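Those sequence lines, one after another, are chains S, G, F and P.
The first sequence maps to residues 1 to 450 in my numbering.
The second sequence maps to residues 451 to 900 in my numbering.
The third sequence maps to residues 901 to 1057 in my numbering.
The fourth sequence maps to residues 1058 to 1214 in my numbering.
For the record, the hints were derived by calculation from the structure and aren't laboratory data.
For clarity, every value in this text was computed on a predicted model and none was experimentally measured.
We treat Cβ as the ideally placed atom computed from N, Cα and C, and that holds for glycine.
Don't take each hint at face value.
[Said to hold, decoys possible] Cut-off 30 Å, straight-line C-alpha distance, at most; resulting in silico cross-link-like pairs (DSSO-like, lysine-lysine):
#	chain 1	residue 1	chain 2	residue 2
1	S	K116	S	K166
2	F	K1021	G	K454
3	S	K217	S	K121
4	G	K616	G	K889
5	G	K566	G	K651
6	F	K1021	G	K556
7	P	K1178	S	K264
8	G	K667	G	K651
9	G	K556	G	K570
10	S	K439	S	K121
11	S	K4	P	K1178
12	G	K571	G	K616
[As the list claims (entries may be wrong)] Restraint-style ranges between C-beta atoms, simulated for each label pair:
#	chain 1	residue 1	chain 2	residue 2	range
13	S	R427	G	E893	35 to 43 Å
14	S	R331	G	D639	53 to 61 Å
15	G	S858	S	S322	19 to 27 Å
[Said to hold, decoys possible] To spell it out: a stretch of chain G is covered by chain S in this simulated footprint if at least three of its residues, at any positions, have a beta carbon under 8 Å from a beta carbon of chain S; those stretches are:
#	segment
16	689-703
17	808-818
18	852-861
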Amino acid sequence: MFSKILVANRGEIAVRIIRACKELGIRTVAIYSEADAAALHVRLADEAVCVGPASSARSYLNIPNIISAALLTEAEAIHPGYGYLAERAGFAEICRDHGIEFIGPKPETIERMGDKAAAKKAMEAAGVPVIPGSDGPVASDGEALKVAREIGYPVIVKACAGGGGKGMRVVYSQEDLLRALNLARAEADAAFGSGEVYLEKFIDKPRHVEIQIIADKYGNVVHLGERECSLQRRQQKILEEAPCAAITAELRRLMGEAAVSGAKAVDYVNTGTIEFLVDRDGRFYFMEMNTRIQVEHPVTEMVTGIDLVKEQLRIAAGERLSFTQEEITFRGHAIECRINAEDPAAGFMPSPGTITFYHAPGGMGIRVDSCIYQGWEVSPFYDPMIAKVIAWGRDRDEAIGRMEAALSEMVIEGIATSIPFHLDLLRDEGFRSGRFHTKYIEEEFIARKK
Amino acid sequence: MFSKILVANRGEIAVRIIRACKELGIRTVAIYSEADAAALHVRLADEAVCVGPASSARSYLNIPNIISAALLTEAEAIHPGYGYLAERAGFAEICRDHGIEFIGPKPETIERMGDKAAAKKAMEAAGVPVIPGSDGPVASDGEALKVAREIGYPVIVKACAGGGGKGMRVVYSQEDLLRALNLARAEADAAFGSGEVYLEKFIDKPRHVEIQIIADKYGNVVHLGERECSLQRRQQKILEEAPCAAITAELRRLMGEAAVSGAKAVDYVNTGTIEFLVDRDGRFYFMEMNTRIQVEHPVTEMVTGIDLVKEQLRIAAGERLSFTQEEITFRGHAIECRINAEDPAAGFMPSPGTITFYHAPGGMGIRVDSCIYQGWEVSPFYDPMIAKVIAWGRDRDEAIGRMEAALSEMVIEGIATSIPFHLDLLRDEGFRSGRFHTKYIEEEFIARKK
Amino acid sequence: MEKDGCSVKIEDIQMLIQAVQNSDLVELIWEENGSRLVLKKAVLAQGADAMGARAEAAPRTAGDTRQGQEVAQEAAEGLVTIEAPMVGTFYRAPAPDAEPYVEVGSIVEVGQPLCIIEAMKIMNEIESEVNGRVVEILVENAQPVEYGQPLFIIERI
Amino acid sequence: MEKDGCSVKIEDIQMLIQAVQNSDLVELIWEENGSRLVLKKAVLAQGADAMGARAEAAPRTAGDTRQGQEVAQEAAEGLVTIEAPMVGTFYRAPAPDAEPYVEVGSIVEVGQPLCIIEAMKIMNEIESEVNGRVVEILVENAQPVEYGQPLFIIERI
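For reference, chain S alone in the conformation it holds in the complex:
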């Protein structure tokens, strides 16, 4: 095992990693920006090196300074957390060049899975279901009709250069396809200067369900079940849970096996997540792979009992997985709420400032992963997520009840937080029923409240 590692991150994930290191007897080096000199991760680490000014680009993304800090402190490995440098293949490579173990997959894997088209091809080749569609832009109306016939309606026409819904059309029958194609081409041409469009099967109101996998350096890959992450706002997950109410044991097995073979196909090492879209008939499609630890990893930890961050460290140090697929068991239900320093009553406006009073919730089944303390100033420079509250229960109802009780006794003063929004969501009928999809928050929950 390593004797010292550098944690190339800040906030709650840096605290999370330092805690795992303490348990394993690994000494830690924190890095911090000038704005973070008083941050909790700096206080908890054994050593700390300032790597730049407040701006992330010049501190937490400052590769030369971070590498220098690791070399000077004789850290044997770097844990990148999530975000920042976690999925930069180049950073993983520089670590390797300097004889520092990067706690994550190989640079080649990161690069391959970071390229959406290459990732999709690799997964398809490994037998993982991907969203069927045209192979790149459709050259002609005839090809479009042929592709649509093959993949079946409804289909969605998307601009190759696309984004923001421009040049996008959902088509439910063959009669409408050619007209939609023309409109989409015109729109795409006007918006992006390129009329190229492609076709994909349209998945209406899908769920975002992801599979956690873990792999050692010896080809052993195990999946740890799924996480339900459909509740999002502006592509940001708000509340995650495990298991997913819509997944049967059989579907879990199928998705798990797909994820494991996908991971094996790209020679995956360390923890990773394969994100799927699941349609209302229980069909699932590969969306993308995150080659790092996820924000929402605690819900998997709560139901499996496995400490994913400690496993990351063990794997990077060359240990074999200590469990087989058969030894993974699931107990109960876990929910995570991401507490942000933002004001839900004012359009989710960021709310930095000094925390004048803080009281954490506690009791049975409640876990808090956080970087805040009373007297600390939430900086305007960084991500607004300041805490994750995780509630475990024997079943989903118990977990929801616990989360509600916990959030109603949590006190954060001096700044606005998203706690009231989460309490509303926990009491929402749609949420309680378990029937929701990736647009539920924006199109139904928030819309209804207006």
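Place chains G, F and P on chain S using the hints.
Chains G, F and P in isolation, oriented as in the chain S frame:
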């Protein structure tokens, strides 16, 4: 289910009960003394009634005021927590007389199990092993010799009126018995005015291991495994864990079955604990039964996933147990440290005062059950226990590592606490090895440090 | 202070630093011949306040204790507060159809019954602790009261 | 100032610095003949202080940032602090056997190299931002430095 209950306690257990009620949608009435007007349990409850001045005898033990408070607030049941009125058969009876459900066993059961001799007889009749000995005082030297021969040496001679080690003698062979008997009689006579003594098998360096049981009103009784509670100082438990390192699966089954049949024999209802002494050969002997929820109940909750306080409420409301013995499974290992407001460096002197800074630990596997908050004054009038930190791990080592990391990041300022003592204990070789007994803390751990 | 005008000595300042250090003060200003002294204290109850503000408007069963404290201050001004010595139901008269024991303005003597508190089916007469005049009756008839809740304010005579 | 015997002596100031240092005071103002004394204590940083005190004496790799802040104050008095613009190893000379770029007392010009910071095998010359005289060299040769760590104090000329 009840719509409103009164919590006849204070401190962390009152907070614990209120949290369980919130989850079940039960409204709560807190009671408090004038010294506790700002206490957390008062703040978390839906209603609160002052029942007397600071003195516990005139507030938390003031039965007329507590019953009046329940009647006036129309509380349907009273949860007594532990301590105070929890094991007063008379209080349970008054509740019944006033049509208030007492959340615990029947008054008759409390009374019977509160009488040590009666309890021992009842357990013996139910086939639960008890410590063999004379049936009351030994009338003559001849009887003493006969009893000692039957139960086998070593035996202990104890004063019937006894206490504090006076009139107590351990005898290892027949040759020494008569002399010891005479000395003990003389000592007992001098100390208590009565020379009556009795004989019991002497159990050297036993462990204190207790079995958690739970029973509904329909005769269903289930046990939830054991808790290791040998680490004590002055009869006060300091650190508890589940499972016990010295208990095999077979011994667990035997002890569990004994506890269940003991509970059935006394028509037990609600949660209860049967305390056993376990000798170094794995023989176990009934010590006493606690007819209430225990301080250390969270370690059982952590390994079984079952919320004991919510189960208490369900049982009292007339629900059936929702699980069978076969459905109880154990996962991992849990440890509880009781954090007291006392100074271990100054002979464990109580350390009341205002908490000027509080930062709770968090992260994977960490649970905090506490009644403190920053700015609150720890009162000199009550028990010094202000928080329980519980750490869960996949195995004992992981749980110990988590606890150590958690306690080292926990901050309580303004008063002294027992945290440094716990950290020492967690790092102690004897503790780590799992080989200890009820006198380990006092005779070995503390003695060694002097 | 005398003539040389430099009355503050280094030792004095050290002492003051120590004193401020050991107090809840956050600021001490002291100007001399114009005689100005300002002491500022930190709001130590910050925590308690924050928790209090947060506690969901708990419908206190029987009068807020703060009320008791406010009233207690009045005691200093010749007013005496009679508080509930037990939890129970407050009755102003010995029976539903009887006259109240006292009204505002009534003159009462030590030992004279003021009201009844019913607790566990027992009627407890609450007596005046002073000779005086009833200034205020703080609880309505048949309302629940908690321990220490102010019931009457009586002006000593 | 001398004659009335109540002037502040260097030892007194040192003592005061120590006293303030060991307290929670953030400000101490003391004017003399008009006799004014103000002591201010920090409260807001209470949390931060508590957390800091608790953090196990972390051997900061490369100079404490507080040092930087103290030094920064001196800037107001014509002193300029040159800080490390990157993390790396500080070298006073271009090569192990070469003369140091500067010594205390050296006169330097804007753009003149003061030291080297080696980062990722690359030698980065750090240049003076001012014309002045080197007053203090704050880091020993071949020591690691972190971003923003004060390296030199230069007095403007």
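Tested hints:
1. S:K116 x S:K166: Holds, because 20 Å separates the two Cα atoms, which is no more than 30 Å.
2. F:K1021 x G:K454: It holds: about 22 Å lies between the C-alpha atoms, which stays within 30 Å.
3. S:K217 x S:K121: holds, 23 Å
4. G:K616 x G:K889: holds, 18 Å
5. G:K566 x G:K651: holds, 17 Å
6. F:K1021 x G:K556: holds, 24 Å
7. P:K1178 x S:K264: Distance of about 37 Å is beyond 30 Å: violated.
8. G:K667 x G:K651: Not satisfied, since the Cα-Cα distance of roughly 36 Å exceeds 30 Å.
9. G:K556 x G:K570: holds, 18 Å
10. S:K439 x S:K121: Holds. K439 of chain S to K121 of chain S sits at ~27 Å (cutoff 30 Å).
11. S:K4 x P:K1178: Holds. K4 of chain S to K1178 of chain P sits at ~22 Å (cutoff 30 Å).
12. G:K571 x G:K616: Within the cut-off at roughly 25 Å; holds.
13. S:R427 x G:E893: 35 to 43 Å: violated, 55 Å
14. S:R331 x G:D639: 53 to 61 Å: Given range 53 to 61 Å: holds, Cβ gap about 59 Å.
15. G:S858 x S:S322: 19 to 27 Å: holds, 25 Å
16. 689-703: n = 0 at 8 Å, threshold three: violated.
17. 808-818: holds (count 10)
18. 852-861: Contact hint for the segment 852-861 of chain G vs chain S: holds, 5 residues under 8 Å.
Going through the hint list in order, the structure does not satisfy hints 7, 8, 13, 16.
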